[in-house]
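Since the structure of chain A is already known, use the hints to place chain B on it.
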Amino acid sequence: MTTEQTTRNHTAAIAAALAPPHGGQQGGPDADPPDANLRERLSEFRALLVISLLMTESVNEDQILELAASSAPGLGPWRIDGYGFTDGQWRPAAAAGSSPPTGLLSQLATLGTAAGPVRLPGRAWAWAYPLRGAGGLLGHLVASCVGEPPAEQRFLIQVIAQQTGVAVSNARLHARERATAAELAATNDALAETVTSLQRSMDIHQRLTRVAVSGEGQPGIAKALHELTGMPVAIEDRYGNLTAWGGPGQPDPYPKESFAKREHLLRRLMRASTPVRDGERLILLASPRTDVLGVLALIDAQHRADHADLVALEHGATVLSMELARLRGIADTELRLRRDLVHDLLAGSDDDSALTRAEALDYDLRRPHRVVIVEGRGRARAHDALLSAVRRAMRTARQDGLFETWSGDVAIVTAGQANWEQLRRAVETDLGGQVHIGVGGPCARPSELPRSLREAGLALRLRKTLLPGNSACEYPKLGIFRMLAAIPDLSDVETFVREWLGSLLDYDARRKAELVHTLTQYLEHGGNYDATAAELSVHKSTLKYRLQRIRELTGLELNDPDVHFNLQLATRAWGTLQALHDER
Amino acid sequence: MVGPVPSGIDEIGLLPGSHVCAFYRGDDDRDRLLNGYLGAGLTAGDKCICIVDSAGTAKRLEALPGSRGEPGPFDGQLDIHLPESTYLAGGEFTTSDMLTFWTEHMVKAEIEGYSFYRLVGEMTWALRDAPGVEHLVGYESELNRVTPNYPVVVLCLYDLDKFSGEVVVNVVKTHPQVLVQGILVENPYYVEPDEFLRSARA
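Here the protein sequences line up with chains A and B, keeping their order. With this note's numbering, the residue at position 228 of the first sequence is 221, and numbering never jumps. With this note's numbering, the residue at position 74 of the second sequence is 126, and numbering never jumps.
So that you can see chain A by itself, here it is in the shape it has in the complex (with noise of 0.2 Å):
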């Protein structure tokens, strides 16, 4: 036996205990059983009017028909066998089984809003009472008995059915109010929801535009992102240097990651499409193509961002977008107009255009400019590298200059008075393979500037047919190269190369030798064999054998002081003929 069995049973034996002995006298030793048996109906209807009493109190229909159900044993030998409700619905009492009768609900619907008789089976009597409410007939209360009920009993059961009706009706209508009402309040709930959600998404939308159309650049997005979320909110440019913050407790200095950490985390955030949570800070990408521009993060080490932030750091990344597409579309311009300038002051341009377009620029072309070649060899050869490894080291040597790259080398046309060598050496460091550099004389006018070019091609060229090392070639102090490349008739110099050295350049020409070369370097290394052979990357003994060679065809002696001056001039003369053919 369940608890619930348990206690029905005891309740039913205390209501037994309570109840007047059955065929009992009622109203005192001398009462007649009419007076006692009016007393007993006057009782019953006390007993009555509290069960309506408690009805109409009960918000819950359960728990009505529960009351009803459970008094009638108190009130006759009569029971309650269930509801049968309009819409089909049958609620068995609980002495009750829980389908209803067969045939029952049938014989109810034929009934309508009277009341009526009803077969129940092995129940001699079964009266069905209408259930009625403010809004019509709820259903029916069927209650049956061993025999036919006297007309008082008949009657409290008629009582008990349009109390129970009322009853039901009341907690229907109650229900519903509160259903409207719970409804109401969480549609009011929702709307009041979306609306705040609304207002927000409108200030964080009306706040980061003003920054965007203000001008305010990074610090003015990073100050109203913080302004809209209560957090500090930093800025980063790719590599992960700080570029702006807003808010408090900005680190000093800024914590910088490991490249690798870095290009990891980026490639984390260019995955994902929302904000990722990295330690203690929110991360979105301002990337408005395929590059990324910069980083927006939001520091967040309480956890606490809601969708409300979410949705303002997002607007601000695309904000921050905007900002930086608009910066870096500014340098590509400038870098483009930059670059068409220095293509142009090569060529040859008047001075008051180039000047003009040089202050548009920001850049003053009014101090003495030069032009400096910078050539690449394996490694260094990528032009977009090489440019961008000369742009670093004239950073790093804090020397300004534009920059173009020009028949596969680099252009510099700069006032800067560098350590050439030094440059020289640093974007080799930075690259990696071999590079020359060659630079020209000054130019007080941008208009000589072509001259300069033609100048740091002529070095350029000289420092690898002639002149030992890699070291950066300056024309201005090439002493008798330059004399000898200002000269504008070169057809002397070209007959006293022919008379020196024409047997040489016949035989190089026909056996494809080197001995032009040889004898130069011989000559420029002041006769060292040693220092000669390694420049040539010969051997001493081949150095030697190419020496006498040089000997019996040109029928010189080397030695004489003469002879020694004239092919040195004769061999510079012939490098320097060749340079100025090679820029022909």
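Hints listed in this document are in silico derivations from the structure and should not be mistaken for laboratory results. Where a beta carbon is used, it is the ideal one built from N, C-alpha and C, also for glycine. Accuracy of the hints is not assured; some may be wrong.
Just a few of them, taken from the derived set where beta-carbon distance is under 10 Å, the chain B residues facing chain A [what the hints assert, rightly or not]: (1) R77; (2) L212; (3) S216; (4) G217; (5) V219; (6) V221; (7) V223; (8) Q233; (9) V237; (10) E238.
Restraint ranges, calculated between C-beta atoms of paired labels, are given here [as the list claims (entries may be wrong)]: (11) D213/B with L98/A: 24 to 34 Å; (12) D213/B with A183/A: 48 to 58 Å; (13) L151/B with L98/A: 49 to 59 Å; (14) A115/B with A183/A: 37 to 47 Å; (15) P240/B with G105/A: 37 to 47 Å.
What follows is chain B alone, placed relative to chain A:
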């Protein structure tokens, strides 16, 4: 004292000697009735004797202003008992033992100097599986004979969540007054003690 005294519940006044049955639903409603009824008695200087069905309820009542355990003139004014030491003392319920319990306590209260008493019993103990529960109606009827002789009001508390409609009907039939939803329903046609005992013996 011959006129009605404030019950402490919904502005209802009770005549000395009243034996009232009160229906409530749930613990909160019960506590409202107990607090009001006993609070009014403690304030008026009445001796209050109550039997509640759990130690938890007893502990809550001890916190009432002027109740036992607090220093001051109210010390000892409120006696709180559990069914184990009252209705079901000795493991079973007997009418005579309970009537003796109440009578002794009322006499003791008079000796202590109290001029009016309030008794209250939470009736859920009767749902327990204990011998003698069937004598409950006889006890209630006999109590009706005792209360008119003392300056006392008696409140019997029935929880509607635990007792059925049949119990409600029969309680109303045997009690002269029923308190329900803040309304005191008079039943002049209730079964009086002599009638009940005569009927029971018949």
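Evaluation of the provided hints:
Of the supplied interface hints, the one on R77/B holds, with its beta-carbon coming within about 8 Å of a beta-carbon of chain A, less than 10 Å. Because the beta carbon of L212/B sits about 6 Å from the nearest beta carbon in chain A, less than 10 Å, this interface hint is met. Hint status for S216/B relative to chain A: holds, with the closest Cβ pair at about 4 Å, below 10 Å. Hint on G217/B holds. Least Cβ distance to chain A is approximately 3 Å, under the 10 Å limit.
Against a cut-off of 10 Å between C-beta atoms, the interface hint on V219/B holds, since the closest Cβ of chain A lies about 5 Å away. Proximity of V221/B to chain A holds as hinted, the smallest CB-CB distance being about 3 Å (cut-off 10 Å). A hinted interface residue such as V223/B counts as satisfied when its beta carbon comes closer than 10 Å to some beta carbon of chain A; here the least separation is about 6 Å, so the hint holds. A least Cβ separation of about 5 Å between Q233/B and chain A falls short of the 10 Å threshold, and the interface hint therefore holds.
Hint status for V237/B relative to chain A: holds, with the closest Cβ pair at about 6 Å, below 10 Å. For the restraint placing E238/B at the interface with chain A, the shortest Cβ-Cβ distance is roughly 8 Å, inside the 10 Å limit, so the hint holds. As the Cβ distance of D213/B to L98/A is approximately 31 Å, the hint placing it in 24 to 34 Å holds. Restraint check, D213/B to A183/A: a C-beta distance of roughly 35 Å breaks the suggested window 48 to 58 Å.
Roughly 53 Å separates the CB atoms of L151/B and L98/A, a value that falls within the hinted 49 to 59 Å. The given range of 37 to 47 Å is respected by A115/B and A183/A, whose C-beta atoms sit roughly 42 Å from each other. Separated by about 41 Å at the C-beta atoms, P240/B and G105/A satisfy the suggested range of 37 to 47 Å.
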